[in-house]
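Note that the protein sequences, when read in sequence, are chains A and B. Here the first sequence stands for residues 1 to 499, numbered as in this note's numbering. Here the second sequence stands for residues 500 to 712, numbered as in this note's numbering.
Because the hints were derived from the structure by calculation, they are not lab data. Among the hints, a few may not be true.
Derived list of chain B stretches under chain A, where covered just means 3 residues or more per stretch with a C-beta under 8 Å from a C-beta of chain A [claimed, not checked]:
id, stretch
1, 556–565
2, 612–621
3, 649–663
4, 671–682
All residues carry an ideal CB built from backbone N, CA and C; glycine is no exception.
The primary structure of each chain is shown beneath.
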Amino acid sequence: MAGTRTMLIWCPDWPVIASGVDGPVAVVHANQVVVCSAEARAYGVRRGLRKRDAQARCPKLTVVAHDPARDARAFEPVIATVERLVAGAAVLRPGVCAVAARGPARYFGGEERAAEHIIEQVAVESGVEALVGIAEGSFAALLAARAGRIIPPGGVPEFLADLPISTLERPELAPLLRRLGIRTLGAFAALPASDVLARFGLDAALVHRLAAGDDDRPLAVRRPPPDLEVEERFDEPIERVDVAAFAAKALAERLHGKLAGHGLACTRLVIEAVTADGQGLQRIWRHEGVLTPTAISDRVRWQLDGWLTHHRLVGGIITLRLVPDGVVRQVSLQPGLWGEAGAERDRAHRSMHRIQGLLGPESVFTAVASGGRDPWTRFRLVPWGDERVPARPAGPWPGHLPAPWPALVRSGEADFLDAEGQPLGVSARLELSGQPARVTVDGSTVEVTQWAGPWPVDERWWDGRVARRLARMQVLLADSRALLLTLVAGQWKLSLEYD
Amino acid sequence: MAGGSALAQLKRADELLAGGVAQGAGMLPVLSPLRDLLPWPGLRRGSTVAVTRGGSPGATSVMLALIAEASRAGAWCAVVGLPELGLGAAQELGIALDRLALVPHPGPRWTDVVSILLDGFDIVVVAAGNSAGEIAPAVQSRLEARARARGSVLVPFGAWNRPQATLWPERSVWHGLGRGGGRLRWRELVICARSKGPPRRATLWLPGPARTI
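Same shape as in the complex, but just chain A (with noise of 0.2 Å):
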């Protein structure tokens, strides 16, 4: 089912034109180029690029911290002309906004004529250029509006089949599809819906309909409970952004809480607010996919900020009201955690929470390949549920224990006698002080039939608090086991056994 036919108004590079700053300008956040103005663009500034290395193509770069507040803020003018062209605009995020084509096009007299009014409309009153795309659904709009197009109806599989898979901003599923093959959205959109929601998970599945120039309300529920929305009165009238802001938070985690209390996550927000002298105003903010905690609690912040700073309110606000819109079923599971969707492993982790619940959150664990020298290093424990990141980064790790690895990692106490019966020794040449003999090891004693080693190591020598100098030998005893002794200052140890 196609989308409806959508208008799209987006201002390029939005962050850069709130920051306020001319000339060749990147916005950076986390070390990263996120957005950078044109003139940064011709001495060759991308985003993704780290700060320093823009900041070496373009000696004259203006770095500007990423502030979405601020962006919001300054978009609120431009959405305001948009409003008072035409009904119900939504914004996307501070640059886009979207609203549906067809009372403008009514309006103006067709399509285009409707975009270039709006366009010309923006300039005149705010001094922004914009450009406008039309096309059935907010992705396919986009993309237009990023291309300046008007995709006529019915055209948008078409237009979506060949572009990459990289217009779809989804940085963990681009590469995973790149690797099988998959190259364009056409291609993306071939292959069956129900595999790529086993295989790659709920949002997979949504990204996959929006790939096929479907409907990018998907899976809204039939119908919602009522009474979904969540209202507070406030005895001040706010206006002081930092209050709106304390109050937008509360706000929002109530509406969450209501939310996920029925299991229930919305992709739209109607945001309304009234103020002391009963003007009342209204936003929608829509969203790609289902809207997190955070992103509700900032979405309400930032336009609370941006009507205190851009209208001249006699009163303040005496009224907020956040009610949610295009609502879906939440996966209660992200996928991802684990790495795959399906059945059993909803039925795993079902049962790993009830033993957590049993025994506590530290009862169940995962193991994550890490780096290090030694098998307990090498393979982190990690409680179920926790994000499986690995301690130390994969590497050569000089000095590590060679394969094969042993199935168990004991310690314990060991002694190793040599011929004489005196305990063996290592010197510093590492020389055994005698022929290896016997070990006694879990109480009883064995003859050693081989060897190998010493293999010393020496970890952070520079650091004297975490210094380790320690040397191993593999041995295998009469009864055939196998074990790992380690010798640490003086005393035989038993580490690793070959089982």
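Go by the hints and put chain B onto chain A.
Showing chain B alone in chain A's frame:
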């Protein structure tokens, strides 16, 4: 006996079809040398297969080898009560670490823990009996019945009262070590199994020269 070998070929093709890990399939796949040891052409869902210590070391490797192929094919495995498990050996055998759950210290309520795991996982390895001493036969049969009802495989790691099959290592010979040089490289492991009838034997290289078994 051309007829007998033709019949054996037919059986092999049937095993190939039944090699899926989905809940509906009755059989979980298992490494081919172990297939001759079990009374079924794989790990049958709902069964109890015990791995005990035998005359030689290597019991942990036998347990890991038993669940390796199923885990590689997509099954979810859990190991209860074995805090010393060497995860490197598990990963080498092909066990998927992101589908392996570990409960190293289940405590006194380990039977509840195992019951909950049998609900959600395809294979549950239980090594709790050794520390707590003997397990009461009533408890054992309750866990076996739960495994049968849920279609999961219960693998007791230690003594168990009348499982449907028992595996243990009989002989383990390491190669590669010398007197002062070399290192442990390969191991020849003879696994013995008993279900109904006389014990059967199979030899595996665990780990083997070509990283395959």
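Fill in: Hint check, failures only
Number 3 - this is the single hint that the structure violates.
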